[in-house]
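The hints should help you fit chain B onto chain A, whose structure is shown.
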Amino acid sequence: MASVELEPALSPATPPSSRGRLLREIFGSLIRMLSLLLTIALAVTVGVWSSRYMISRGSPLSTDMYGPWQHWRDVGRDSADPYTKAHVSTTGKLRISSASAGIFEARTDSQGARLHSSCNYVVEGANMRGLWWSLAVFDSRGKLISNDADRYEFTADTIAPNPNGSFVVTLGRDARPGNWLPTGGAGRLVLVLTVLDPATGLSSEERAERNKHLPIIKREGCS
Amino acid sequence: MKLLQRFDFRLLAIFLLVAGIVHIGATFLTVNDTRASAYARLAHSLPQNTMVITDPIAPNHQPLPFLAPDARFAFCLFDTTDTPIRVRALLPDLGWTIGIYAPDGQNLYFAAASAERETTIDLSIVPADDRFLGLPQAVALPGSTLPPIDHQNSIAAQKGLVVVRAPDKGEPYRGDEKAVLAKASCGSGS
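Chains A and B, in that order, are what the protein sequence lines are. The C-terminal residue of the first sequence carries number 223 in the numbering used here, and the numbering is unbroken. The C-terminal residue of the second sequence carries number 1190 in the numbering used here, and the numbering is unbroken.
Chain A extracted, bound-state conformation (with noise of 0.2 Å):
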């Protein structure tokens, strides 16, 4: 019977340097790889979370922002970018066209502090001559805010102006005099202006000025 010697791996007439040298190329190659994997696991989730994150809360790309207030610049538009397509379908709201009228969202008073049910709050808005508009309060998810006193919003035909036509509007858990939107228990609050365009109309500079005059949000106290 014919012996078959095998021959070790590593013959122990391998110089100790070269075993060594070996061994480091093996643990060098296993480091590279397992960087290689790691900086495409990251990459992913950099690349799935940016996407998430331009298409809910948006960015530059699709946004423009008039002190607190947001505005998607192309939303209901057929040249809309992705991003505001995306946001458009994946959220469930059903925007007016930015064409035809100028939806406005506000995550934060006008000093960039998070709107909380926990704070109250003043929103002070010019003289909107002419143009039909609402201002609508919710959760952070786009839910009402259940109240007793059944107020979810003021429009230009339900709020109680000053004499010169401007409207001041507070936010607050307890009631106070005047337009008042309760927000108790809701937690992080999302503000919703809606200005629709004149029937005929508005050019780019009329936007442009209407934008400029949106209604800053006053943090008054926190509880």
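It should be emphasised that the hints constitute simulated quantities derived from the structure, not laboratory data. What you are looking at is a predicted structure, and each value in this text was computed from that prediction instead of being measured. Note that the Cβ used here is the ideal one computed from N, Cα and C, for glycine as well. Be a bit skeptical, because a hint or two may be false.
To be verified - Residues from chain A shown here face chain B by an in silico Cβ test under 8 Å; the list is partial: (1) V44; (2) G76; (3) P82; (4) K85; (5) G92; (6) R95; (7) G130; (8) R141; (9) Y152; (10) A199.
Only chain B this time, still in chain A's reference frame:
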């Protein structure tokens, strides 16, 4: 400097390339995913080619997120596969609007009333492919006794949503608003 020398720029290039490809892919996948769109959400509860006045929007009845009770709504889920759809609505005052939306939320048509005079809307929605068939100005509906539809007042769309919006002016006006809203119609033979 030593740190820069040891930094593997190939990994940075791979990171940027993969992140960019995934970002673009994820965005376009989401664009085409209309399962959560307003149309898809309303499709469960609305009949086709019929104008339906919804109950007033309230916390316990809010069919869509960020839909405010600043208006009373009438919806019509249309499908022009079998027949063109004729839409009629009266927009009597400032704040009244009518919009036609594609399933992905694109505004195909929009009209708002002016404060000076009431606006009557009478338009037809024809199958999207008809637009490319070189139809004449007026399209006679097959087997219909209706006058031909003026093609200039027609919109090409296969499916979508008609939304008539009556602004809420407060309790005293709600009856009148609902009565005007009830005149809005949407259907093949209406």
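Hints and how they fare:
Among the interface hints, the one on V44 of chain A holds; its C-beta lies about 5 Å from the nearest C-beta in chain B, closer than the 8 Å criterion. Taking 8 Å as the C-beta cut-off, the interface hint given for G76 of chain A holds, the closest approach to chain B being about 4 Å. Annotation: interface hint on P82 of chain A holds; nearest CB of chain B at approximately 5 Å, less than 8 Å. At about 5 Å, the closest approach between the beta carbon of K85 of chain A and any beta carbon in chain B falls short of 8 Å, and the interface hint on this residue holds.
Nearest Cβ of chain B to the Cβ of G92 of chain A: about 5 Å, under the 8 Å cut. The hint holds. At a threshold of 8 Å, the smallest CB-CB gap from R95 of chain A to chain B is about 7 Å, leaving the interface hint in force. For G130 of chain A, the shortest C-beta to C-beta distance to chain B is roughly 7 Å, which falls under 8 Å, so the interface hint holds. At about 6 Å, the closest approach between the beta carbon of R141 of chain A and any beta carbon in chain B falls short of 8 Å, and the interface hint on this residue holds.
Proximity of Y152 of chain A to chain B holds as hinted, the smallest CB-CB distance being about 5 Å (cut-off 8 Å). Interface hint status for A199 of chain A: upheld, as the beta-carbon distance to the closest one in chain B is roughly 4 Å, under 8 Å.
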